[in-house]
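For this one, chain Z is given, so just place chain V on it according to the hints.
2 protein chains.
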Amino acid sequence: MSSLQNIDRLSLNQITTDPWSLKGAVEGSVRAEVPWIAIWRHKIEEIGLKESKKIIQDAGIKVSSICRGGMFPAATKLERDQRIEDNRRAIDEAAELGAETLVLVCGPAPDKDLVAAREMVAEGIDKIVPYAKERGVKLGIEPLHPMYAAERSVIVSLAHANDLAEKYSPNEVGVIVDVFHVWWDPDLYRQISRAEGRILGYHVSDWLVPTPDLLMGRGMMGDGVIDLRPIRLAVEKAGYAGPIEVEIFNQKIWDMPGDDVLALMKERYLQYV
Amino acid sequence: MSSLQNIDRLSLNQITTDPWSLKGAVEGSVRAEVPWIAIWRHKIEEIGLKESKKIIQDAGIKVSSICRGGMFPAATKLERDQRIEDNRRAIDEAAELGAETLVLVCGPAPDKDLVAAREMVAEGIDKIVPYAKERGVKLGIEPLHPMYAAERSVIVSLAHANDLAEKYSPNEVGVIVDVFHVWWDPDLYRQISRAEGRILGYHVSDWLVPTPDLLMGRGMMGDGVIDLRPIRLAVEKAGYAGPIEVEIFNQKIWDMPGDDVLALMKERYLQYV
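Protein chains in written order, with the UniProt record's numbering: chain Z, 1 to 273; chain V, 1 to 273.
Chain Z extracted, bound-state conformation (with noise of 0.2 Å):
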């Protein structure tokens, strides 16, 4: 099967170097001609919008996403539109930062009915679809693994991101296919398939074992279980061809010289994605 020849796709999500200012790992890409990278909405506001889009502008580097909108669902109607009012903030960094896409995480329930925080999930797309449309940035719903349901998520499936995507047109709200999330579903590759130019974004870690943490426990490409390959070949297959995120929390790999992480990113890239 084949292998990535060069790194023009290969993009630094910034938490795989999380001691890094915006700053910092936008300079650092570019020590490394890293072309892309995804940014997180925490590290945008330490300085502010106009200040982060300066920095990238000046670097000429390419953002691949912004991280991340979503979090819909919440007890009160009040808190539920305070959501939605961050998701029009959050589109508004993209549309600034020129990110294509904002990634959804949609949020946990408040309370134990799944049933009704998916639908607020669905009611809360539905709202901020006509704003993202205005400024020209895409939804992305990013499916998280399902130990992440109680916390993070209550959308926990590809099959499920792809339910909620196909209401609306790709050019609006697509998924985000991410290896650490849904590398354990034997339905994946049909539902790659069924995501079919809908595709918005493609990250990569592994998954290791042990796993040493729920949260902290992803590691390098290479370092663990996933056959990545055949994967990112389904992804293309289903016509995604942008970016390529890597995306890793991981305390060992925070706790290495940034310019370290980004150099064993770029070979294991290639080795393994």
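Treat the hints with care, as some may be off.
No distinction is drawn between identical chains; accordingly, a pair holds when it is met within one copy or between any pair of copies.
Straight-line alpha carbon distances no greater than 25 Å define the calculated BS3-like cross-link-like pairs of lysine-lysine that follow [said to hold, decoys possible]: (1) K112 - K252; (2) K62 - K23; (3) K112 - K266; (4) K237 - K112; (5) K43 - K252; (6) K167 - K133.
FYI, nobody ran anything at the bench for these hints, they're computed from the structure.
Using the frame of chain Z, we list chain V on its own:
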């Protein structure tokens, strides 16, 4: 929704009181008037099958299941054949102890190839069905939570367990519904309904928030976010009226005196299950 009115169907899955030996767990259950127990094979091994059988018969307690057979995938044919042999011994143990069902935890992949491992699971089940039938033991495929896909089982959804089970008569192969493993699944109620007449066991516990650990993070019913009652009612609507096992891996619960665990388990069973 109707609560349970008595503990006639309550079963102590003995991992919930792991510090107890088989004898300790049986005696504790008798003291607490819990009528069923699920036995783990490593506890049988400590004292032998003959002694285990005597303890259970003398106590007059019913065995809801034996945990566990399965673990089919392996790198070589020799190893896979050894696993089949081990499953035959597990079937013998279930038959001797009067357990209607052997629970199958199907095992992880020996490498990165999930598809091949899943085929090994299908082949493994196929190989043990005749012997299980001969010994009057049903095989219950238990889908595990996807977070165990790398280390414990490549069968991680009830849909997939149903796919495997449906090749056989419900008297031969069925499924085990454990809320901890399946509560997150948007397809859960449809798959429970699909399993009609084929559910061989129902296991309860709870999903704690925050989730302390992948393996040891299960909680007592009522301490987490799983909406237990509608799942039980769906399982009953699908024809299951058998024992309900409480199966909890949790160090804090293991550190409690066993009698206190059983008292709490009984209380929470009536309140939440």
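Index of numbered hints that the structure contradicts, given in increasing order: When the structure is compared with the hints, none of them turns out to be violated.
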